[in-house]
Amino acid sequence: KYVFNHWVTPETEAALLAKEIKRRRYQRIAFINSEHEGIIAVFNAIRDKFKQEGLWDKVVLEEFYLADTTDCRTFLTKARAAQPDVMMVLLLSSGISTFAKQALESGIMAEIAGMELFEDEHVVQAANGALYGKWYVNSDEFDPEFIDLYRQRYKEFPGWASANAYDAVTLLAIGARKFGKNSEQIAKFLKELSDYKGAAGRYSATGDNRFTIPAAVKIIEKDGFKKIG
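If you read the sequence shown in our numbering, its first letter stands for residue 990, the second for the next number, and so on.
I should point out that these hints are in silico values taken from the structure, not numbers from a laboratory.
We put the CB at the ideal spot given by N, CA and C, even for glycine.
Do not take every clue at face value.
Claimed, not checked - Label-pair distances were calculated between CB atoms; the ranges are:
1) N1171 / E1052: 46 to 54 Å
2) D1060 / K1186: 37 to 45 Å
3) T1159 / I1029: 27 to 35 Å
As the list claims (entries may be wrong) - Capping the alpha-carbon separation at 20 Å, the derived lysine to aspartate or glutamate pairs in DMTMM-like fashion look like this:
4) K1008 / E1100
5) K1215 / E1009
6) K1123 / E1094
7) K1177 / D1197
8) K1011 / D1046
9) K1216 / E1145
10) K1144 / D1109
11) K1123 / E1110
12) K1067 / E1100
13) K1186 / D1132
14) K1090 / E1110
15) K1067 / E1051
16) K1090 / D1057
17) K1216 / E1130
Can you build the whole structure from these sequences, using the hints too?
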C-alpha cells in the first residue's frame, strides 16, 4: 500500500527489447542471467513477451548463475556450441565487465547486448573497451538539465539509478509539504500522479504503485551513452 517502485517496468523494457530483436532479425538468442530478484523479474517479463511475440523458440541457450559469479567461461563454452547471433547479458555490474572481456578473448562472433546495468561508466571502464558498440535497453534519457547539474557537481555522467532516486525523494518531499505526516494522502498523491516532468523524464502513475517511465534502446560509445531507438 505504501511501497512504490520508481523504475521503468520490466514489461516496458521487455516490449522494447522484443521489438529490437525483431528489427535486428536475430534468429538464435542466448541469455546469461544472475540469480538476483530484480534480474529474475526482468527475465520473466522478457520470456513472457517473447512467447507472445513468437520469439521464445529462437532462444538456444538460457543459463542462471549465482549473483557473485565473475567467471563466465563455462557459459561461453556452451555458447560456442549453441552458436547464438546475440548473447543477452543480464548480470550484475561486476559480471558484465568480466563477461565482455572474456567473450572478446573467446573469439565468439555473437553480438553482446544487455539491459539497464550496461549504463554505468564504471562498468564500461572496467571492461577496458570490450563494451564499446554494445547496445542495451534501459529507461529513456534523463532530463538534460539534471545531467548538466549532476556533471557539474560530481564530474561524471549520472549513474543508472540517480534520476530515479532524485525523483523519488522529490516526489516524497512534495507529498510531505502538501500533506504533512498523512501517509494515506501521500500514497494517494503518488498513485494519482499525472504527467509529471522529473529527472527521469515525463511520466504518470500506473495505478499499481509503479510509473510509466519510458524505455529506450541505447548504445555504449567512448564518450558516453547514446539513444538509438
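Evaluation of the provided hints:
no.: 1; hint: N1171 / E1052: 46 to 54 Å; verdict: holds, 48 Å
no.: 2; hint: D1060 / K1186: 37 to 45 Å; verdict: holds, 44 Å
no.: 3; hint: T1159 / I1029: 27 to 35 Å; verdict: holds, 29 Å
no.: 4; hint: K1008 / E1100; verdict: holds, 17 Å
no.: 5; hint: K1215 / E1009; verdict: holds, 16 Å
no.: 6; hint: K1123 / E1094; verdict: holds, 16 Å
no.: 7; hint: K1177 / D1197; verdict: holds, 11 Å
no.: 8; hint: K1011 / D1046; verdict: holds, 13 Å
no.: 9; hint: K1216 / E1145; verdict: holds, 18 Å
no.: 10; hint: K1144 / D1109; verdict: holds, 14 Å
no.: 11; hint: K1123 / E1110; verdict: holds, 13 Å
no.: 12; hint: K1067 / E1100; verdict: holds, 15 Å
no.: 13; hint: K1186 / D1132; verdict: holds, 9 Å
no.: 14; hint: K1090 / E1110; verdict: holds, 16 Å
no.: 15; hint: K1067 / E1051; verdict: holds, 10 Å
no.: 16; hint: K1090 / D1057; verdict: holds, 17 Å
no.: 17; hint: K1216 / E1130; verdict: holds, 7 Å
Of the numbered hints listed earlier, not one is contradicted by the structure.
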